[in-house]
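Going down the list, the protein sequences come from chains C and V. If you're matching positions, the first sequence starts at 1 in our numbering and goes up one per residue. If you're matching positions, the second sequence starts at 1 in our numbering and goes up one per residue.
Since the hints were derived computationally from the structure, they do not count as laboratory data. Any given hint could be a false lead.
[To be verified] SDA-like cross-link-like pairs, simulated, lysine to any residue; straight-line CA separation at most 20 angstroms:
1. Lys130(C) x Ser99(C)
2. Lys89(V) x Pro100(C)
3. Lys101(V) x Tyr45(V)
4. Lys89(V) x Thr109(C)
5. Lys89(V) x Val111(C)
6. Lys130(C) x Lys89(V)
7. Lys89(V) x Asp98(C)
8. Lys89(V) x Ile104(C)
9. Lys98(V) x Ala106(C)
10. Lys30(V) x Ile45(C)
11. Lys22(C) x Ile93(V)
12. Lys89(V) x Ser105(C)
13. Lys98(V) x Val111(C)
14. Lys30(V) x Ala106(C)
15. Lys89(V) x Glu62(C)
16. Lys89(V) x Ser33(C)
17. Lys89(V) x Leu24(C)
18. Lys89(V) x Tyr45(V)
19. Lys63(C) x Gly62(V)
20. Lys130(C) x Ile93(V)
21. Lys69(V) x Tyr101(C)
22. Lys30(V) x Glu44(C)
23. Lys98(V) x Thr109(C)
24. Lys89(V) x Ser113(C)
25. Lys22(C) x Lys89(V)
26. Lys98(V) x Lys22(C)
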Amino acid sequence: MAVLKKSQSNKAVIKLKIPADKSLISLVRLVISAQLREKPIEDEIIDDIKLVVSELLAKAIEKSLVTGFLSLELFLNVKQVEITISGLKEIKLDNLFDSPYLNISAIETLVDSLNSTNNGLGFSIIITKKFGEQYGD
Amino acid sequence: MADIQIDLKETDIAPVLEVQGEVDVYTAPKLKSRILGLIDNQQYYIIIDLNGIDFMDSSGLGVLVGGLKRVRSHDGSITLVLNRPNILKIFRITGLDKVFKIYGSFEEIPKQ
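So here's chain V without its partners, still in its complex pose:
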């Protein structure tokens, strides 16, 4: 059974959701719940670290896009931390690499 672990880390830039495991049709709802939890707490600038995941499918992409739409309605953003080639490929073939700001590591994110 696919497993996912999501930890919340507070940083100077924005809250960071660190995701470990696999994001598929079974586990994606857990990620959605965590993202919505932040938004419900009026956190509209969110960083999601995906460097700990081994797999993502369209369910995961849908959760991320849905979250992005919600934060953008509050002039917010979702920034992704991702350097895994197999996951980056999914963003590239779907064109979502042009929709999300993606950085290879947390340290690369501009501090504003």
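Looking at chain C on its own, in the form it has when it is part of the complex:
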């Protein structure tokens, strides 16, 4: 089950919560795509974000890293998309992206930053990707 909320603040936010179900990852891609295509963001940027997020979710589910529900929050700033994924057990990013084909090195070429944090509220992974066009409300 996915819960969708869109804030009315200056920073556009999508919040999604899904169970650890591989069949729902496409829904996440669809929501990200629909949200970002409303803005002047290049298709290649959107495709890169979808791939990294999809790969992250797939690996997290395959490795049984999900603690309850997976949460995804998408923030749109001027010229940058930031996505935070939480609801995971802590893991090193190179152990998470361990595909022999799309490993951490390949993944990092698709985004501007890929970091993890554990701030006492749980482990999260934060993806940022800049885009060229000016984004404004």
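Since chain C is already given, all that's left is putting chain V on it; use the hints.
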């Protein structure tokens, strides 16, 4: 939910699997099953047309590489038909564009 459709087309060159939709962790097993089905029928020269897909992740790449390894053990090959920039990018950043023969269209494949 991700959807995939795979049609088999017989041609003068080799059987062609035409893939439509998305190849991700959920749908990749269906592609694997179709590839293995051909191999089990001793079809070791396979063409896979990926021009109908919108998305592929490492699961899809893994299926293709696995299939390639199997056909190569019988001196066969898997040729890809692909001209979609977003999918070609994945092959490029992973180096798999040097592993597979990739043509933009079926017509570009040399007829031997």
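Right, here's what the structure says about each hint:
For the hint linking Lys130(C) to Ser99(C), the alpha-carbon distance of about 25 angstroms lies beyond 20 angstroms, and the restraint is violated. At roughly 16 angstroms between alpha-carbon atoms, Lys89(V) and Pro100(C) fall within 20 angstroms of each other, so this suggested pair holds. For a cut-off of 20 angstroms, the pair hint linking Lys101(V) to Tyr45(V) stands: about 12 angstroms separates their Cα positions. Distance restraint check for Lys89(V) and Thr109(C): the Cα-Cα separation of roughly 11 angstroms lies within the 20 angstroms cut-off, and the hinted pair is therefore satisfied.
Using a Cα cut-off of 20 angstroms, the hinted pair Lys89(V) and Val111(C) holds, with the two alpha carbons roughly 14 angstroms apart. A hinted pair counts as satisfied when its Cα atoms are at most 20 angstroms apart, and Lys130(C) with Lys89(V) qualifies at roughly 18 angstroms. Restraint check: the Cα-Cα separation between Lys89(V) and Asp98(C) comes to about 19 angstroms, which is no more than 20 angstroms; the hinted pair holds. Only pairs whose Cα atoms come within 20 angstroms are accepted, and Lys89(V) paired with Ile104(C) is accepted, the gap being roughly 16 angstroms.
At roughly 15 angstroms between alpha-carbon atoms, Lys98(V) and Ala106(C) fall within 20 angstroms of each other, so this suggested pair holds. Distance hint between Lys30(V) and Ile45(C) is unfulfilled; the C-alpha atoms sit about 28 angstroms from each other, more than 20 angstroms. Taking the CA atoms of Lys22(C) and Ile93(V), the gap is about 24 angstroms. The hint is violated against a cut of 20 angstroms. Restraint check for Lys89(V) and Ser105(C): satisfied, since their Cα atoms lie roughly 14 angstroms apart, inside the 20 angstroms limit.
Between the alpha carbons of Lys98(V) and Val111(C) the distance comes to roughly 23 angstroms, so the proposed pair goes past 20 angstroms and is violated. Only pairs whose Cα atoms come within 20 angstroms are accepted, and Lys30(V) paired with Ala106(C) is rejected, the gap being roughly 25 angstroms. For the hint linking Lys89(V) to Glu62(C), the alpha-carbon distance of about 24 angstroms lies beyond 20 angstroms, and the restraint is violated. For a cut-off of 20 angstroms, the pair hint linking Lys89(V) to Ser33(C) stands: about 18 angstroms separates their Cα positions.
Only pairs whose Cα atoms come within 20 angstroms are accepted, and Lys89(V) paired with Leu24(C) is rejected, the gap being roughly 24 angstroms. Under the criterion of a C-alpha separation no larger than 20 angstroms, the hint pairing Lys89(V) with Tyr45(V) is inconsistent with the structure, at around 25 angstroms. Between Lys63(C) and Gly62(V), the direct Cα distance comes to roughly 17 angstroms. Compliance with the 20 angstroms bound is thereby established for this hinted pair. A threshold of 20 angstroms between alpha carbons decides the hint, and for Lys130(C) with Ile93(V) the separation of about 19 angstroms falls inside it, so the pair holds.
For the suggested pair Lys69(V) and Tyr101(C), the alpha carbons sit about 15 angstroms apart, so the restraint of at most 20 angstroms is met. With a C-alpha separation of about 27 angstroms, the suggested pairing of Lys30(V) with Glu44(C) is violated against the 20 angstroms cut-off. For the hint linking Lys98(V) to Thr109(C), the alpha-carbon distance of about 18 angstroms falls within 20 angstroms, and the restraint holds. Among the hinted pairs, Lys89(V) with Ser113(C) is consistent with the structure: their alpha-carbon atoms are about 19 angstroms apart, no more than 20 angstroms.
Straight-line distance between C-alpha atoms of Lys22(C) and Lys89(V) comes to about 24 angstroms, which puts the hinted pair past the 20 angstroms bound. A threshold of 20 angstroms between alpha carbons decides the hint, and for Lys98(V) with Lys22(C) the separation of about 30 angstroms lies outside it, so the pair is violated.
This entry does not satisfy hints 1, 10, 11, 13, 14, 15, 17, 18, 22, 25 and 26, going by the numbered hints stated previously.
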